[in-house]
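Number of protein chains: 2
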Amino acid sequence: MSKPLKVALLGCGVVGSQVIKLMEEQADDLAARIGAPLELAGVAVRKPGRKREVSFDPALLTTDAEGLVTRDDVDIVIEVIGGIEPARSLILAAMASGKSVVTANKALLAEDGATIHAGGGDLYYEASVAGAIPLLRPLRESLAGDRVKRVLGIVNGTTNYILDKMDSTGASFNDALEEAQALGYAEADPTADVEGFDAAAKAAILAGLAFHSRVTAADVHREGITEITATDVASAKAMGYVIKLLAICARSDDGRSIGVRVHPAMIPRTHPLAGVREAYNAVFVEAESAGQLMFYGKGAGGAPTASAVLGDLVAVARNRLARTRGPEESVYASLAVHPMGETVTRCHVSLDVADKPGVLAQVATLFAEHDVSIQTVRQEGHGDDAQLVIVTHRATDAALSATMEGLRRLDIVRAIASVMRVEGDD
Amino acid sequence: MSKPLKVALLGCGVVGSQVIKLMEEQADDLAARIGAPLELAGVAVRKPGRKREVSFDPALLTTDAEGLVTRDDVDIVIEVIGGIEPARSLILAAMASGKSVVTANKALLAEDGATIHAGGGDLYYEASVAGAIPLLRPLRESLAGDRVKRVLGIVNGTTNYILDKMDSTGASFNDALEEAQALGYAEADPTADVEGFDAAAKAAILAGLAFHSRVTAADVHREGITEITATDVASAKAMGYVIKLLAICARSDDGRSIGVRVHPAMIPRTHPLAGVREAYNAVFVEAESAGQLMFYGKGAGGAPTASAVLGDLVAVARNRLARTRGPEESVYASLAVHPMGETVTRCHVSLDVADKPGVLAQVATLFAEHDVSIQTVRQEGHGDDAQLVIVTHRATDAALSATMEGLRRLDIVRAIASVMRVEGDD
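As you go down the protein sequences, you meet chains C and A in turn.
For the first sequence, position 279 matches number 279 in my numbering, and the numbering has no gaps at all.
For the second sequence, position 131 matches number 131 in my numbering, and the numbering has no gaps at all.
Keep in mind that the hints were calculated from the coordinates and are not lab data.
Fair warning: there could be bad hints in the mix.
The list cannot tell twin chains apart, which means a pair is met if one copy fits it or any two copies do.
What the hints assert, rightly or not - The calculated DSS-like cross-link candidates involving lysine-lysine, where the alpha carbons are at most 30 angstroms apart (straight line), are:
id	residue 1	residue 2
1	Lys356	Lys237
2	Lys47	Lys356
3	Lys47	Lys21
4	Lys149	Lys21
5	Lys6	Lys47
6	Lys6	Lys149
7	Lys51	Lys21
8	Lys356	Lys149
9	Lys6	Lys51
10	Lys21	Lys356
11	Lys47	Lys149
12	Lys3	Lys237
13	Lys21	Lys6
14	Lys51	Lys237
15	Lys3	Lys21
16	Lys3	Lys51
With the sequences and hints as input, model every part of the structure.
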């Protein structure tokens with residue numbers, strides 16, 4: 001057995017506490033798996049006086065994170081403070097002084113992964129996407145001999161919890177959000193989750209790995225779920241669909257560019273993602289040779305995230321003993337991210353219309369003018385309640401948007417009651 | 001870019017052909033991901049004159065596999081011939097002369113993995129279990145910082161296809177098997193699949209990785225599906241269950257031993273594994289911190305298996321350039337495999353009984369004598385058709401077996417119509 005590897009921990013919140021607890025509880029197993037024991041060298045926090053969920057030698061606490069990550073005896077730095085700064089500077093300082101780094105920081109990786117990777121140290125970040133679900137390692141390594149065509153999944157547990165409640169109980173968005181907050185699934189300020197920022201950061205990381213290209217959060221088309229109404233959910237249900245917030249990364253048909261987007265979409269209730277309940281995550285990966293793969297599990301929470309962090313900790317520790325490092329950033333393909341307008345999707349539209357002859361003809365003509373082909377159309381209600389429910393074939397998002405603009409200008413269309421993309425039944 | 005890495009291929013059947021095809025089609029991507037181009041150095045086959053599914057320079061063909069794997073210029077050996085010998089000798093010879101090895105050989109790994117690992121070369125074998133589904137790498141690496149409690153899954157596509165057909169069409173085992181054979185899902189001699197040998201080999205490999213212990217196919221309790229009748233399937237269906245062939249590797253409650261078994265079992269139709277149709281595979285992994293994870297995808301076939309082989313090929317190639325190797329065999333925990341009798345399961349039993357007062361009392365007494373607690377009991381039919389359908393609580397397999405023996409000796413029990421373990425609803 002080699003001499004101990006010393007681990008510095010940045011942050012001691014829900015995940016950090018769990019990391020310390022597991023490092024201690026599983027010390028013998030970890031040592032056997034690595035070939036050397038791990039030793040906690042220090043824990044950098046902002047408020048040393050705060051009560052923690054785990055007890056450890058208080059002498060390990062420090063507010064000098066920079067000093068800790070550059071300390072000569074430290075081998076590995078685990079960053080679980082999140083956010084851009086000071087996380088970025090600390091990771092770079094750690095790498096500059098030869099440390100290996102494990103991070104769960106999706107925001108940083110999605111905003112400025114290039115800088116972090118350029119730091120040159122061994123870098124693992126499985127916990128940054130989909131918590132405990134092994135997803136980045138399979139993309140970085142298992143599928144390294146295949147061509148990924150599409151990654152499609154539910155990567156935010158909070159929004160899935162809210163949408164699942166709306167679907168199963170008929171609750172409004174606000175009521176479901178309140179319940180999620182009461183249960184600790186949503187934060188007091190839920191913006192990052194419900195507006196899709198969290199999912200967009202994850203989509204950027206997934207797209208970068210899947211397509212060997214550099215993708216940042218700014219490249220991701222993002223729509224949240226705050227405008228989904230109980231009526232949207234109910235009418236999706238009536239048609240055999242369920243609404244999910246999806247992260248979708250896909251190569252264009254010609255393979256020359258990629259689309260990366262996060263938005264609510266209707267998927268058939270028979271689709272495996274439709275069965276993903278509560279705060280679970282699930283991601284489909286479609287590759288040329290492997291076909292369709294699905295990964296499912298807990299996407300957040302202290303213990304699941306700590307499991308991913310510790311898996312990475314074992315990996316960097318093994319690498320360190322073998323004087324090697326894991327796969328470097330792979331961005332050789334340099335595929336461009338195309339604008340949302342070029343993305344091809346299907347669309348479900350409900351229109352409140354005047355109930356008189358010729359309405360369908362006018363609407364259908366408008367769709368045809370924009371080259372959007374209609375798959376099904378259903379007329380519902382009569383008189384003032386007349387509705388047209390239309391599902392299109394695949395068309396570019398630009399053509400679909402132009403069609404919606406046109407519909408808004410038609411006299412016979414009283415209102416566009418809802419517009420929702422449809423995924424998962426091609 | 002480094003100089004080419006030379007790859008020797010052993011076997012050129014369905015998987016081997018696909019490997020050659022993909023190595024050529026994706027040559028540029030593979031080179032970029034590895035940092036060096038790959039070059040096919042030779043293909044060892046038994047019958048060089050045979051027609052192949054892929055075209056390549058016939059000068060690469062050789063019948064001298066031993067000569068090929070020890071050739072000085074060869075860096076990496078891919079073994080896709082399967083079976084114990086000559087695969088074992090060839091892998092050992094390759095390792096002895098310093099080659100890295102990628103294999104898809106579950107039978108060999110499950111029978112004599114210790115010898116192969118002792119060969120000392122870099123060894124990857126993702127394709128040996130569940131085809132394209134990244135499962136071994138997540139167990140070996142992603143979950144290296146967690147404690148796996150249970151692995152439970154469908155790891156044989158052929159039997160899942162047969163059972164799925166029986167469930168969806170009411171077909172008999174033989175009719176479903178014939179259909180599977182006609183479609184190429186089952187071989188002319190289906191023994192390895194339908195008797196559970198294939199699944200047992202995979203279970204041994206999974207258990208070894210999950211529990212850091214040495215497990216061989218001989219340690220696995222194995223029951224096939226040949227005795228499952230259309231009636232079994234129908235009555236499971238009537239109760240809201242579906243019958244699947246499961247591979248289950250689980251730590252005992254005290255954590256000191258493991259149980260490894262392959263047998264048909266009833267699972268609730270609401271369980272995610274119940275929705276695994278046709279020849280797909282899916283595996284649940286339950287770990288202390290990560291919670292429940294599921295991996296789903298194509299478990300067999302040329303392209304999916306080749307995807308896994310190529311992922312491993314990229315890994316060993318990267319390792320070779322970095323002068324390192326992947327994780328070594330991890331068997332430090334040395335947990336013993338306990339006999340099936342100590343395994344704790346639930347059980348569903350249908351009894352043909354005499355329709356007279358006191359029958360239930362006698363049967364219930366017998367269960368109680370063996371310490372097997374009954375969860376539900378239902379009486380069906382009358383007169384000569386009277387049946388008792390019993391579902392037990394958890395009990396050891398030994399107690400359940402003794403109970404069945406006792407039932408056979410009871411006068412009032414005309415026959416035990418079916419006995420099936422129940423999984424997935426605890």
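Hint by hint, here is what the structure shows:
no.: 1; hint: Lys356 / Lys237; verdict: within (28 angstroms within a copy, 50 angstroms between copies)
no.: 2; hint: Lys47 / Lys356; verdict: neither (68 angstroms within a copy, 75 angstroms between copies)
no.: 3; hint: Lys47 / Lys21; verdict: within (19 angstroms within a copy, 58 angstroms between copies)
no.: 4; hint: Lys149 / Lys21; verdict: between (39 angstroms within a copy, 18 angstroms between copies)
no.: 5; hint: Lys6 / Lys47; verdict: within (23 angstroms within a copy, 56 angstroms between copies)
no.: 6; hint: Lys6 / Lys149; verdict: between (40 angstroms within a copy, 28 angstroms between copies)
no.: 7; hint: Lys51 / Lys21; verdict: within (15 angstroms within a copy, 59 angstroms between copies)
no.: 8; hint: Lys356 / Lys149; verdict: neither (45 angstroms within a copy, 64 angstroms between copies)
no.: 9; hint: Lys6 / Lys51; verdict: within (24 angstroms within a copy, 58 angstroms between copies)
no.: 10; hint: Lys21 / Lys356; verdict: neither (69 angstroms within a copy, 60 angstroms between copies)
no.: 11; hint: Lys47 / Lys149; verdict: neither (46 angstroms within a copy, 36 angstroms between copies)
no.: 12; hint: Lys3 / Lys237; verdict: neither (59 angstroms within a copy, 58 angstroms between copies)
no.: 13; hint: Lys21 / Lys6; verdict: within (16 angstroms within a copy, 46 angstroms between copies)
no.: 14; hint: Lys51 / Lys237; verdict: neither (46 angstroms within a copy, 53 angstroms between copies)
no.: 15; hint: Lys3 / Lys21; verdict: within (21 angstroms within a copy, 46 angstroms between copies)
no.: 16; hint: Lys3 / Lys51; verdict: neither (32 angstroms within a copy, 56 angstroms between copies)
The structure fails hints 2, 8, 10, 11, 12, 14 and 16 (numbered hints given earlier, in ascending order).
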